[in-house]
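Residue numbers (this note's numbering), protein chains in the order written: chain C, -4 to 409; chain V, 1308 to 1416.
No lab work stands behind these hints: they were computed from the structure. You may find that some hints are simply not true.
Taking lysine-lysine pairs in the DSSO-like style, the calculated list, with each CA pair at most 30 Å apart, reads [stated by the list, open to error]:
1. C/346 <-> V/1406
2. C/60 <-> V/1371
3. V/1406 <-> C/225
4. C/226 <-> V/1406
5. C/225 <-> C/48
6. C/26 <-> C/325
7. C/199 <-> V/1406
8. C/199 <-> V/1400
9. C/225 <-> C/139
10. V/1356 <-> C/60
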Amino acid sequence: MKRNSVFAVAREAMRQHSGWRRTWANPEPKKSYDVIIIGAGGHGLATAYYLGKNFGITNVAVIEKGWLGGGNTGRNTTIIRSNYLQDPSAAIYEKARSLYETLSQDLNYNVMFSPRGVMMLAQTQHEIRGYQRTSHANSLQGVKTEFISPARVKELCPIMNIDGPRYPVLGAHWQPRGGSARHDAVAWGYARACSDMGMHILQKTEVTGINQQGGNVTGVDTSRGHISCKKLGMVVAGHASVVADMAGFQLPIESVPLQALVSEPIKPCMDVVVMANTVHGYMSQSDKGEMVIGGGTDAYNAYTQRGSFHHLEETVRALIETFPMVSRLKMLRHWGGIVDVTGDRSPILSKTPLGNTFINCGWGTGGFKAIPGSGWGFAELMAKGESPLTADFGLDRFRAGRFIDESVAAGVAH
Amino acid sequence: MLILNCPYCGRDKDETELAAGGEAHLTRFGPGSSDQDFEGYLFGRANPKGLHFERWRCAAGCGKWFHAARCTATLEVFGTYKAQTLEPPRVIKDAITAKRPGWSWRNFS
């Protein structure tokens, strides 16, 4: 694989960009692999990458029903933060955030990580207390966050109206090294590095069945034939229950659509990410100038990847008091992704009832920020059978009552 | 916009007038049950891509809970029925069979 660099850009500029190669190979499936990962989204590709990089396991196939990064990886609002209340969450999200810091250099692929700062607005007394508590917890966890005053909020984000009649801004939980990254590039960068290590990325290959013998997985049936494997990782987000059903077990998960939208591109006006959980909207400005806006989930199960229209109106309406300029913006496009929501709103990275089979799912409405940490921990779990990062995220926690209760901590989906 | 007919007040209600209540026909387990049964009741969900039986409340209408049979892949509604039943009535089952021959859901078919 040719390395990307400023010299490569200069060289290609001189010869009319005729020398760029495909970012990843498009091979025919082999009959058998050591490890098969179902799902070539960010989490699946990151898992494959760290299996190769940290454990030398490169006889790996990443199988994808659609196209690479075309699910939630390409549909989220690209917010990266790690200001969680519970220790296990803070550990895995902060691992992810710290890996994002050097991911472009690590992958030799520009993921455009922009640590511009993330603020979560406190607009009720309850939120002030909640965020102050989280901020103290973060200090103990080694995650750098602070609770800032309304004046500081206004200074960091001048387009905000902080003294609205209904939802005044009373402060904010501020993580200066949070931010955003280019979501597609994260998937593409991992895919390029995996392909470079000799792994196979099989797009347009749908898994239709999971084969087992004596309680252990032996392979998968796909739309391109049977492929055997020694270990299987399921990393399919919204379709986790569907794939688990093929393997014969049930998950504590419900799949619902989550929507996002972007405005027409405008001049730079906002260089931080703002989340307003009381009114349930969040916004940032992309490098193209579009205001990227995310809202809440639909209330009922669906796999339609579009969601109910009234949520868009509710989301934009919620932001207008705090961001009056939104009322004069034209919205350019909107879309939905299917998020897999667990009972305690925390992910599942776990062994499963089927031997040599592992599942990484339940990231719900907040998976993008976790991609590198999730891949790091899940690869360790698959390679060694245990990982300190994933130990608390087992499937057995629902039976034991050891919830990682971020739904209560966040007050909303997160 | 999803529209469901409330089987109690008989009115067609938009989803904004309704409250979704999740999977229907769950078997309740409480004190004295096994951990596995209690976990299944609290958290285990079929979450199918396809036919789904679910609970709804006519929140901005008569206030009653009712059940709906709906497809999560196409958002097609097969019918709604009153909640005082342990399984879907024959008329709902027939309506599903007309659209999805050979369907099954947990113990129903």
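Taking the hints in turn, this is what the structure says about them:
1. C/346 <-> V/1406: The hint is violated at about 38 Å.
2. C/60 <-> V/1371: violated (41 Å)
3. V/1406 <-> C/225: Distance of about 40 Å is beyond 30 Å: violated.
4. C/226 <-> V/1406: Violated, at about 39 Å.
5. C/225 <-> C/48: Satisfied, since the Cα-Cα distance of roughly 19 Å is no more than 30 Å.
6. C/26 <-> C/325: This hinted pair is violated, its Cα atoms lying about 51 Å apart.
7. C/199 <-> V/1406: This hinted pair holds, its Cα atoms lying about 28 Å apart.
8. C/199 <-> V/1400: violated (35 Å)
9. C/225 <-> C/139: violated (41 Å)
10. V/1356 <-> C/60: OK: residue 1356 of chain V and residue 60 of chain C at ~15 Å, within 30 Å.
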